[in-house]
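> So you can see what is in the structure, the chains are spelled out below.
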Amino acid sequence: MLEQPYLLIVASSLAIGLIAGFVMHRSDFCVTASFRDMFLFRDFFLMRQMLLLIAVSMVLFEGGRLVGIITIHPFPLLGAPTLANVIGGFAFGIGMVLAGGCVCGSLFKFGAGSAASLLAVIGMIAGSAFYAEVHPQWAAFARATVLVEKKVTLAQWLELPPTLLLLPLATALGFWLWREFRAGRMDRPAFAAGHLAPWRAAVILALLGFASYVLVGMPLGITTTYAKLGLAIESLFAPEHVSSLAYASAMPLNYTPPFADRAISGGPGPQLDAIAALQYPLILGIVGGAFYSARRVGEFRLQWRLPPRQWVSALLGGMLLGLAARMAPACNIWHLWGGVPILAMQSLLFVVGLVPGTWVGARLLTRFVVR
Amino acid sequence: MRMSHTIDLDIRGQICPSCLLLTLKEVNRHAAAIRGGGTEIVVTTDDRQATATIPSTADRMGFSTEVSRLDGGYRIRIFGTA
Numbered sequence: 001m002l003e004q005p006y007l008l009i010v011a012s013s014l015a016i017g018l019i020a021g022f023v024m025h026r027s028d029f030c031v032t033a034s035f036r037d038m039f040l041f042r043d044f045f046l047m048r049q050m051l052l053l054i055a056v057s058m059v060l061f062e063g064g065r066l067v068g069i070i071t072i073h074p075f076p077l078l079g080a081p082t083l084a085n086v087i088g089g090f091a092f093g094i095g096m097v098l099a100g101g102c103v104c105g106s107l108f109k110f111g112a113g114s115a116a117s118l119l120a121v122i123g124m125i126a127g128s129a130f131y132a133e134v135h136p137q138w139a140a141f142a143r144a145t146v147l148v149e150k151k152v153t154l155a156q157w158l159e160l161p162p163t164l165l166l167l168p169l170a171t172a173l174g175f176w177l178w179r180e181f182r183a184g185r186m187d188r189p190a191f192a193a194g195h196l197a198p199w200r201a202a203v204i205l206a207l208l209g210f211a212s213y214v215l216v217g218m219p220l221g222i223t224t225t226y227a228k229l230g231l232a233i234e235s236l237f238a239p240e241h242v243s244s245l246a247y248a249s250a251m252p253l254n255y256t257p258p259f260a261d262r263a264i265s266g267g268p269g270p271q272l273d274a275i276a277a278l279q280y281p282l283i284l285g286i287v288g289g290a291f292y293s294a295r296r297v298g299e300f301r302l303q304w305r306l307p308p309r310q311w312v313s314a315l316l317g318g319m320l321l322g323l324a325a326r327m328a329p330a331c332n333i334w335h336l337w338g339g340v341p342i343l344a345m346q347s348l349l350f351v352v353g354l355v356p357g358t359w360v361g362a363r364l365l366t367r368f369v370v371r
Numbered sequence: 001m002r003m004s005h006t007i008d009l010d011i012r013g014q015i016c017p018s019c020l021l022l023t024l025k026e027v028n029r030h031a032a033a034i035r036g037g038g039t040e041i042v043v044t045t046d047d048r049q050a051t052a053t054i055p056s057t058a059d060r061m062g063f064s065t066e067v068s069r070l071d072g073g074y075r076i077r078i079f080g081t082a
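Respectively, the protein sequence lines represent chains L and A.
In this text, residue positions in the first sequence follow our numbering: the first is 1, and each later residue adds one.
In this text, residue positions in the second sequence follow our numbering: the first is 1, and each later residue adds one.
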């Protein structure tokens, strides 16, 4: 039997994952497309939805902190900003476009039956495990290029109360989004069965991130577990090698979750720990939620007929994305839906790298993959 | 209603963004004929996202679209309004 605080963490993450998977499938909520389509088609529709998600999260996270239901600020695993965040974000952008979806997108598409997305996820697991081989060198680079020591958020760096920065920003974003709604640019005709408007999905996903922050102490995160799963598989074949890796014994997470009376810890090693309790259920939930959604509208089917170039692209893109997610560290969901709304400097730098990375990915895609 | 000249584009199995890229390639190739009114493109897809992106992009280019559900997919007609 699971004991506290693990029971609450596992149950919350699973429930949040199930709803997120269902919602993302119904609305085709693709973070990769929101960045990529700006460059490929000059289409900003999904990017507006992403900004809505960030704005709603910003208000919820800061409101939750002010009324005292969010007690851990900034949330765990965020660190001081370094150049590694920009480079990781850049590589992540290329990887997600080539993989055909980011960490979350590939999971919900796999749940709906896409074999290419499963291949991309396998690539991500392999890329994440490979990172363990270069971790000592990369971690040294990240430490050497820290831009602001011991500060996590912009407000901490500027020594200002977070509300002073967040309130004007959220107000400006809110005003702009309100105008976009009025002009009819937040909605577009949709014909897919059981379709959920992306703006509604953005609001639900922001609420899920908030629920996660309140219940388990941090917003949605997934990718450390890709390294964990990769190293667990690797340890079946080469246990001595895995146990010799510094990365496998690192325990970056050490915190007392809300509603808990003791601290718990976790890391990317193969063991079942706090990271496993937080992220495995979320991953299973997203796949399960999308599977249920696709079945309900009669659209679940195994899709494996794809041009060979797209298979190769999914695998290589997935590997690059997995590696980049460890270099950054963390994925676009963690940064965009979690770090950016509290103005974590790591997350802002990740986005600075992600945008040009997506542009390069889009160029590679049209040049070599889709012909 | 089928037009005098129908170009069938079966992109089942393709995922985003290839659906839109391949459709755009075909639309651009036959743009004048579609605008003239005698030609249409009928896209068959099983990608949910394509049912939103293809019509909205074609609309922005000045074409008309019609989406219907098939067994295990969708059919998108792209035609001129002339």
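Warning: the hint list may mix true and false statements.
Straight line, CA to CA, 25 Å or less: simulated SDA-like cross-link-like pairs of lysine to any residue [said to hold, decoys possible]:
{"no.": "1", "chain 1": "L", "residue 1": "Lys-151", "chain 2": "L", "residue 2": "Phe-141"}
{"no.": "2", "chain 1": "A", "residue 1": "Lys-25", "chain 2": "L", "residue 2": "Phe-141"}
{"no.": "3", "chain 1": "A", "residue 1": "Lys-25", "chain 2": "L", "residue 2": "Ala-170"}
{"no.": "4", "chain 1": "L", "residue 1": "Lys-151", "chain 2": "L", "residue 2": "Ala-170"}
{"no.": "5", "chain 1": "A", "residue 1": "Lys-25", "chain 2": "L", "residue 2": "Phe-41"}
{"no.": "6", "chain 1": "A", "residue 1": "Lys-25", "chain 2": "L", "residue 2": "Arg-309"}
{"no.": "7", "chain 1": "A", "residue 1": "Lys-25", "chain 2": "L", "residue 2": "Thr-366"}
Keep in mind the hints are simulated off the structure, nothing from the lab.
Being a predicted model, the structure only gives us computed values, none of them experimental.
> Confirm or reject each hint.
Status of each hint after checking the structure:
A C-alpha spacing of about 18 Å is found between Lys-151/L and Phe-141/L, which places the hinted pair at or below 25 Å, so the restraint holds. Using a Cα cut-off of 25 Å, the hinted pair Lys-25/A and Phe-141/L is violated, with the two alpha carbons roughly 44 Å apart. Only pairs whose Cα atoms come within 25 Å are accepted, and Lys-25/A paired with Ala-170/L is rejected, the gap being roughly 40 Å. At most 25 Å may separate the alpha-carbon atoms for a hinted pair to count; Lys-151/L and Ala-170/L meet this at roughly 22 Å.
Annotation: proposed proximity of Lys-25/A to Phe-41/L holds, straight-line Cα distance about 12 Å (limit 25 Å). Pair hint Lys-25/A plus Arg-309/L holds up; C-alpha atoms about 18 Å apart against a cutoff of 25 Å. Restraint check for Lys-25/A and Thr-366/L: the C-alpha separation of about 12 Å stays at or below 25 Å, so the hint holds.
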